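**Q** Here are the chains, one letter per residue:
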Amino acid sequence: AQKVTQAQTEISVVEKEDVTLDCVYETRDTTYYLFWYKQPPSGELVFLIRRNSFDEQNEISGRYSWNFQKSTSSFNFTITASQVVDSAVYFCALTPGGRGGADGLTFGKGTHLIIQP
Amino acid sequence: ETGVTQTPRHLVMGMTNKKSLKCEQHLGHNAMYWYKQSAKKPLELMFVYNFKEQTENNSVPSRFSPECPNSSHLFLHLHTLQPEDSALYLCASSPDSGGVETQYFGPGTRLLVL
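These protein sequences, in sequence, are chains H and E.
Residue numbers for the first sequence, in the working numbering: 1 to 117.
Residue numbers for the second sequence, in the working numbering: 1001 to 1114.
Treat each hint with caution, since some may be false.
[To be verified] With beta-carbon atoms standing in for the labels, derived distance ranges:
1. E:1112 / H:114: 35 to 45 Å
2. E:1018 / H:116: 36 to 46 Å
3. H:72 / E:1041: 17 to 27 Å
[Said to hold, decoys possible] Chain H regions said to be covered by chain E (calculated; three or more residues, Cβ under 8 Å):
4. 34–48
5. 103–112
These are computed hints drawn from the structure, not numbers from a lab.
Computed from a predicted structure; not experimentally measured.
For glycine and all other residues, C-beta sits at the position ideal for the given N, C-alpha and C.
Chain H extracted, bound-state conformation (with noise of 0.2 Å):
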């Protein structure tokens, strides 16, 4: 069984505040991949990264960074500089790896992410 944990249900920053967002994890396979998306109020998940179980290298891709930590299962991501358009839900995912075909994704349950003015 696989689980996803996101234990900060909403965050509220002011702008240009850096923000983390925490994701902890629970998987039995020894390959899998994680995700993060993000879902502004239209509803539609955009996809903000994937990252195997086998590189655990840290990736920054302009304000967004993402760390990631077998020993923890954690795998967090950070904004820099928060800007009022980051303003979302945040969802981090798993799925198996390995096993070839097309698995679903766990889902956390999300974070709210309120960026003031």
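Chain E: place on chain H using the hints.
**A** Just chain E now, with coordinates in the frame of chain H:
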């Protein structure tokens, strides 16, 4: 990516109605998915289709009936729904070249069952 479209965007139906949700992907993908997002639960996987074949049914009640006539289209037929079925229904697609591929989502259909 804006290659996954869903219609209608909003739907209100009574418990005795029959309706269908439509999903279309223009990305050349081979796998398609239905997810349910309700207010009090995480996003839940409902069905997976791979090369038009259903590969997963996540214990979904029979009042939800999926159909995948080809790799570009996915339907969700609804009949005798309950008010607790009110939710955002999201469709996704992925290339499925044999490994794990990123899923790309449509904008969803917001369903209200009265």
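**Q** It remains to establish, for every hint, whether it holds in the given structure.
**A** Okay, the hints, checked on the actual structure:
no. : hint                       : verdict
1   : E:1112 / H:114: 35 to 45 Å : violated (26 Å)
2   : E:1018 / H:116: 36 to 46 Å : holds (45 Å)
3   : H:72 / E:1041: 17 to 27 Å  : holds (26 Å)
4   : 34–48                      : holds (count 8)
5   : 103–112                    : holds (count 8)
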